[in-house]
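Engineer: Sequence:
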Amino acid sequence: MATSQYFNNYNSFYTEQRLVEDLIVESIKIMGTDAYYLPNNNDEARDLLYGEDPLKKFTSAFPVEIYPENVMDYGGDKELFSKFGLEIKNQMTIVLSRRTFNQRVPSTLSRPREGDLIYVPFLNGTGELYEIKFTNQNKDFFTLGRKQPYFYELELEKFRYSQEVID
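Just so you know, we're using our numbering here: the sequence shown kicks off at 1 and counts up by one.
Label-pair distances were calculated between CB atoms; the ranges are:
1. 138 with 49: 25 to 31 Å
2. 139 with 15: 20 to 26 Å
3. 60 with 160: 17 to 23 Å
4. 41 with 14: 31 to 37 Å
5. 62 with 91: 20 to 26 Å
6. 110 with 5: 34 to 40 Å
7. 5 with 122: 45 to 51 Å
8. 62 with 15: 24 to 30 Å
9. 5 with 34: 43 to 49 Å
10. 14 with 60: 30 to 36 Å
11. 161 with 5: 55 to 61 Å
12. 18 with 160: 39 to 45 Å
13. 142 with 121: 31 to 37 Å
Just so you know, these hints were derived from the structure itself, not from any lab.
Where is the CB? At the ideal position from N, CA and C, for every residue including glycine.
Just need the whole structure built from these sequences, with the hints factored in.
Structural biologist: Laid out in C-alpha cells, this is it:
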C-alpha cells in the first residue's frame, strides 16, 4: 500500500479541520491587508439570458481581510496594442477566507460573486477598485475531507466605470 495506514486524511475530525481554518485565517490577518467587499445590490435587473446587468448598484461595503497572492506585480496581459489602441489590463489574484466572508457579509450571499467589487485602499495612494472575474472554490482541494472551501481565490481585474451607481 502506497499511503500510510496511520494517517486518515479524508475522514478527519472537526477539530483538525477547524485548526487548518484557524491557521489560514491567522496567516491572512498577519500577511494580508484590509479591503472592502462591495456586492451588487440590483438583483432584480439582472438579465439571466445574456448574463449581464444593465444597471449595477453598489450601495454597501463590508470590511474583509485579503491576501494578495501575486504581490510583486500585476498578472495578466499587461499592455496590449490592438486596432482599437492601447489597452491596459491590470489583473491580480487574492485569497479571501471563507469564515471571514461569512462573518462580515450578510447571509444572503453564499460566496463572492462575479461582477462584485473589491476596494483595496492602500493601492496607488488613494485606493483602487477591482471587479471579481472568477471565484475559485476548489483551490484547497478538500483538505482533510472538508467539503466547503477554507478560502476563496478571487481573480480580479481593474474596474472600468460605465454608469454604475456607487454610493
